[in-house]
Structure formats: C-alpha cells, structure tokens
Amino acid sequence: MASQINFNSEIPSIMHIDMNSAFASIEQQANPLLRGKPIAVVAYDSPGGCILASSIEAKRLGIKTGHRVRDAKAIYPKLITILADPNKYRQVHLAFRKILADYTNDFYPKSIDEFVLHFKNYHTFDYGLKNIAREIKHRIKSEIGDYLTVSVGIGPNRFLAKTASNLRKPDGLEEINKNNFLDVYAHMNLTDLHGINLRNEARLKSAHIHSVLDLYYATPQKLKIAFQSVLADYWHARLRGYEIDNTEFTRKSFGNSYSLPHSTGTKEEIFPILQKLVEKTGLRLRSNGYKATGIHLALRYRDHTFWHKGKSFKKSLFGSLEIYREMIKLLYEAPCKPIHTIHETCFGLISNKETQLQLFENVIEKENLVGSLDRINSRWGSFVITPARMVLAKNNVPERIAFGGIGEL
Amino acid sequence: MTQKISEPVSVSFTFDSLRRKVYPKWLVWNGKLYAIKKIGLHHTYREGRSLFHVFSVVSTTLFFRLILDTENLHWRLEEISDGLPN
Chain B
1 MASQINFNSE IPSIMHIDMN SAFASIEQQA NPLLRGKPIA VVAYDSPGGC
51 ILASSIEAKR LGIKTGHRVR DAKAIYPKLI TILADPNKYR QVHLAFRKIL
101 ADYTNDFYPK SIDEFVLHFK NYHTFDYGLK NIAREIKHRI KSEIGDYLTV
151 SVGIGPNRFL AKTASNLRKP DGLEEINKNN FLDVYAHMNL TDLHGINLRN
201 EARLKSAHIH SVLDLYYATP QKLKIAFQSV LADYWHARLR GYEIDNTEFT
251 RKSFGNSYSL PHSTGTKEEI FPILQKLVEK TGLRLRSNGY KATGIHLALR
301 YRDHTFWHKG KSFKKSLFGS LEIYREMIKL LYEAPCKPIH TIHETCFGLI
351 SNKETQLQLF ENVIEKENLV GSLDRINSRW GSFVITPARM VLAKNNVPER
401 IAFGGIGEL
Chain R
1001 MTQKISEPVS VSFTFDSLRR KVYPKWLVWN GKLYAIKKIG LHHTYREGRS
1051 LFHVFSVVST TLFFRLILDT ENLHWRLEEI SDGLPN
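Chains as they are written, first to last, in our numbering: chain B, 1 to 409; chain R, 1001 to 1086.
Because the hints were derived from the structure by calculation, they are not lab data.
Check before you lean on any hint, since a few could be wrong.
To be verified - Here are some chain B residues pointing at chain R (derived, C-beta under 10 Å):
id: 1; residue: V92
id: 2; residue: K337
id: 3; residue: I376
id: 4; residue: V384
Stated by the list, open to error - In silico DMTMM-like cross-links for lysine to aspartate or glutamate, where the CA-CA straight-line distance does not exceed 25 Å:
id: 5; chain 1: B; residue 1: K37; chain 2: R; residue 2: E1078
id: 6; chain 1: B; residue 1: K110; chain 2: B; residue 2: E10
id: 7; chain 1: B; residue 1: K205; chain 2: B; residue 2: D183
id: 8; chain 1: R; residue 1: K1004; chain 2: B; residue 2: D45
id: 9; chain 1: B; residue 1: K252; chain 2: B; residue 2: E367
id: 10; chain 1: B; residue 1: K98; chain 2: B; residue 2: D192
id: 11; chain 1: B; residue 1: K110; chain 2: B; residue 2: E248
id: 12; chain 1: R; residue 1: K1025; chain 2: B; residue 2: D146
id: 13; chain 1: R; residue 1: K1037; chain 2: R; residue 2: D1082
id: 14; chain 1: B; residue 1: K78; chain 2: R; residue 2: E1071
id: 15; chain 1: B; residue 1: K130; chain 2: B; residue 2: D71
id: 16; chain 1: R; residue 1: K1025; chain 2: R; residue 2: E1071
id: 17; chain 1: R; residue 1: K1021; chain 2: B; residue 2: D146
id: 18; chain 1: R; residue 1: K1032; chain 2: R; residue 2: E1047
id: 19; chain 1: B; residue 1: K73; chain 2: R; residue 2: D1082
id: 20; chain 1: B; residue 1: K59; chain 2: R; residue 2: D1082
id: 21; chain 1: R; residue 1: K1038; chain 2: B; residue 2: D171
id: 22; chain 1: R; residue 1: K1021; chain 2: B; residue 2: E143
id: 23; chain 1: B; residue 1: K37; chain 2: R; residue 2: E1071
id: 24; chain 1: R; residue 1: K1038; chain 2: B; residue 2: D183
id: 25; chain 1: R; residue 1: K1021; chain 2: B; residue 2: D102
id: 26; chain 1: B; residue 1: K252; chain 2: B; residue 2: D374
id: 27; chain 1: R; residue 1: K1037; chain 2: B; residue 2: D146
id: 28; chain 1: B; residue 1: K98; chain 2: R; residue 2: E1047
id: 29; chain 1: B; residue 1: K329; chain 2: B; residue 2: E361
id: 30; chain 1: R; residue 1: K1021; chain 2: B; residue 2: E135
id: 31; chain 1: B; residue 1: K73; chain 2: R; residue 2: E1079
id: 32; chain 1: B; residue 1: K110; chain 2: B; residue 2: D192
As the list claims (entries may be wrong) - Quick look at which bits of chain R chain B covers, simulated, 3 or more residues with Cβ under 8 Å:
id: 33; stretch: 1013-1021
id: 34; stretch: 1030-1044
id: 35; stretch: 1072-1085
Predicted model, so just to flag it, every value in this text is computed and none were measured.
Where a beta carbon is used, it is the ideal one built from N, C-alpha and C, also for glycine.
Based on the sequences and whatever the hints tell you, model everything.
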C-alpha cells in the first residue's frame, strides 16, 4: 500500500517568472500615452477579433484573453485595441533571456512571457532567490522598460514555483516552502491549481475532496479513486514539492491557420490563402531542419460545422509546392460551403538530412532548387519569390506570434 | 486614435558616447517640429538581410512610430497616435 510522503524539506531552488499582461504591457511600454488605460492587443481589429492580451486596467474591468472585441467593447466601449506586433514581443523576450542568463544557465522559456529558472548547483543560489528576483525585477525596469512588471514565484518544484507566481499579480514576489505551504493551500480554491479545471474539481468533490488542503491530506488510495489514473501519483508528489513536471516536449508538427473575414464558399477563394499558409509552413519546416511525412487540413465552417482530414505518405515532403498539391487534393474532399477558419499542418517530422531517392523524380535536384529559393527569400525578405497564385492572397495571413511556441524565436 | 502615415520624415538623432545610448531628439512632420520627450521602446526587425530600427516615441501630446532603414539611413514616420480609442 502506498504511503504519504512529507513535504520536500530542501531550500526552494526553482524560480518561475511570468510577465504581467505581456503583450499589452509591451504596447503600453512602447506608447506611454496608453499607460493606465484599458487596452487590448488583438489578432484582428474587427468585432469578431480575438483578444490576445488585455492590459491590467482592462483585466480589472473583466476583459480577458480570448474575449471577442465586440464583447469587450460591450463591457467598456472606450477600449483601445492594438494590432499585435510580433517583432516587438520577440525582442522583449530575447532581452529577458539575456538578463536571466546572467544568473543561471539552466533556464528555459515556458512560453513567450514565462520562464523557469533552476539554481541548484549554481553559485548564484547562495545569494538567495528572493534577492535574485528583486535584482531581476530592477534590471527589467532599467534595461528593458520602466513600465514592464513580472510576477515571480519561488518553490521546490516547477509546479509550486508557478503557483507562487500566481499568488500576487501584478509585480508579485512569493515563495512556497516547507514552512508556509499549508497556509498558502488554505487560502486557495481547487481551481486555482494549474491543471485542475471545473471538471476535475467536480471529480474531486465526488471523492469528498473539497479544498486544496483536502487534496494535500488525501491518501494515495483516495487520490487514485478520485483521478482513476497516474495523475493521482503526480498530484501527490506535486503538492509535496517533488519534481514530476520536468518533461521537455519535442516538436511534432508545423502548421498555420487563418480566419477568413468573408467567405463565399468557393474552393477558388481558398486556393491563394492555402498557398500562402503552406508557403509559411514549408519555410518553417525546412528552416528547422525537417521534412514531413504527413499532412492535415481542418476547416471550420460559418455554419459551425467542422471537417478535417489527414494523410500519411511513404515519401517525405519538403517543398511548399508538393505540400500544397497534396493539401489541394484533401481540400477537394471537403464540403463546399462558406469557411470560417482554415488550418493546415505538416506532421510525421523527419530530419531533412535523410533523403529517400525516387525512381521517377530527381529528389536531390528538387531539394537544391527549394534550398536556393529559401536562400533568396531569406536574403531579400520572405515571399520575394512566390507562386503566382499567392499574389491573390494579398495581405491576408499576416505574421502571428505563438504564446507557447518559442522555439523559432 | 491611431493613424497610419508611412512617409519620409526629418529626424534629429544623437549618440551619447558617455551613456552609450542613441536617441531621436526631435522630428519635423507636416512643417511642425515635435520635441521627443520620451522613448517608449526601441526594437529592430529584418526584412531579408535589411535591418530596420523602430523607435516608439512620444512628444507632449502625440505618439510617433519612427523607422530607420539601415540600408540608406532614411527615416520614415510609420504611424501616429493620440492614445485615444479609434
């Protein structure tokens, strides 16, 4: 029978840094006239556009990430909307990295606005994590921007460090350790724990676990009954400060999506947009050193229905043109009606150093041609050489920045 | 309100060798001189191999997004804003 373990007694050595309202704060940093005002960074400045980040002032009004612009403006009609500017966010992210690298080499970005730092076995550990955190906060203001704030959490594992960073926002600095964890847990709800959503909460409540303290004190057997999976062991260890979240996930696919502002439902209107999406995906695929052995196309229609289909190949795909041709074949199988969002993905990634020669096609010649086109586009700017069809896509499919995917920064 | 401009602009630019800082001091746009009170953010981006420096700055009442093209050292005023909703 599994037994309870005690809380990790080691001095916390992990720090989680979370930039507050990242994209919105960076916009307020860039334009001081926006400071202190409710603003929202949006993907599209239209009523149906999605809010990527809201400023601290907008959050106080209840305007959150994921809201539609029309819903946010119903809450606050004077809301200022700003189109996302990926170059700005990328540069601030890289400036963050530069500062953090002065304190430990063992750090990694969890997303564009979150970092996890490990200090064990680093001489800076002796300086004290709270002192380091204060210094980092000061340097962010003096070296990157005086309006930027971060919430810092310190804990014995990644989970508790992140939990600590959420305790006080904005500009927080909190630690969860063996001396205060019970007090912290006593003031939290189950859904305050990252990974416990409403469904999990209902599941826990059905097992008579109503609070974080109940979850902490629950025996492994009781947790197994509640979770019915290995998650029981994970939560048992997490809440006691032991590391079980140090898994690095490798990239499985490359893809792009686009929401059409208008759609008549003809395939012809989709071709140029699909071509541009595939050109972007193909370039990212190749510049990261991969080929794909599978493609996937997903369409969300304006009538709220959804269609998708994937296909795997024995050969590998690397040229945008061949990926596009295969995507078109999938597109012809899809129902013909007005489309809301188109999403294409390449999966089954293999290294581009592996070349499978073919009987009826000169693969090496094709690789050289695609490589030359990529080099020209890289020298003179993306899409200086493009298929003629892509001209029809005009300025559709603008550059976007991912919250989570920071590998390509 | 934000307004796209995208036109050449006259900018006075200074390098402070002691502080090792560079900053635009004033700009002339539409025949009017605007003294730059604060630099919000300075960032860069590339189009191909060409490097562009973007200075997000404010005068007393207006925000300016200035872009320096390092290929020809010409300045462009990309957009202005008064910090009010559109």
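| field | Agreement of K37(B) and E1071(R) with the hint, judged by alpha carbon distance not exceeding 25 Å | value | violated, 37 Å
| request: Identify whether the interface hint at V384(B) stands, where standing means a beta carbon of chain R within less than 10 Å of its own. | output: holds, 7 Å
| Hint check: 10 Å Cβ-Cβ cutoff, I376(B) to chain R | It holds, given that the least Cβ distance between I376(B) and chain R is near 9 Å, below 10 Å.
| query | When you check the alpha-carbon spacing of K1037(R) and D146(B), does it fall within 25 Å? | reply | Holds: K1037(R) and D146(B) sit about 15 Å apart, inside 25 Å.
| task | Given that the stretch 1072-1085 of chain R was listed as covered by chain B, double-check it with a C-beta distance under 8 Å for 3 or more residues. | result | Satisfied; 5 residues make the cut.
| Are the Cα atoms of K110(B) and D192(B) separated by 25 Å or less? | Holds - the C-alpha atoms of D192(B) and K110(B) are around 19 Å apart, at most 25 Å.
| field | K1021(R) paired with E143(B) [C-alpha distance capped at 25 Å] | value | Measuring from Cα to Cα gives roughly 12 Å; hence the hint holds.
| query | Are K110(B) and E248(B) close enough, with their CA atoms no more than 25 Å apart? | reply | holds, 10 Å
| Do the alpha carbons of K110(B) and E10(B) lie within 25 Å of each other, as the hint requires? | Distance ~24 Å between K110(B) and E10(B) Cα, so the pair holds.
| query | Holds or violated: K1038(R) with D171(B), Cα cutoff 25 Å? | reply | Between K1038(R) and D171(B) the Cα gap is close to 23 Å, so the pair holds against 25 Å.
| Going by Cβ atoms only, is V92(B) closer than 10 Å to chain R? | holds, 8 Å
| Quick one, are K98(B) and E1047(R) close enough, alpha carbons at most 25 Å? | holds, 23 Å
Figure legend: structure checked against the earlier numbered hints; hints not met, in rising order: 2, 10, 14, 15, 18, 23, 24 and 33.
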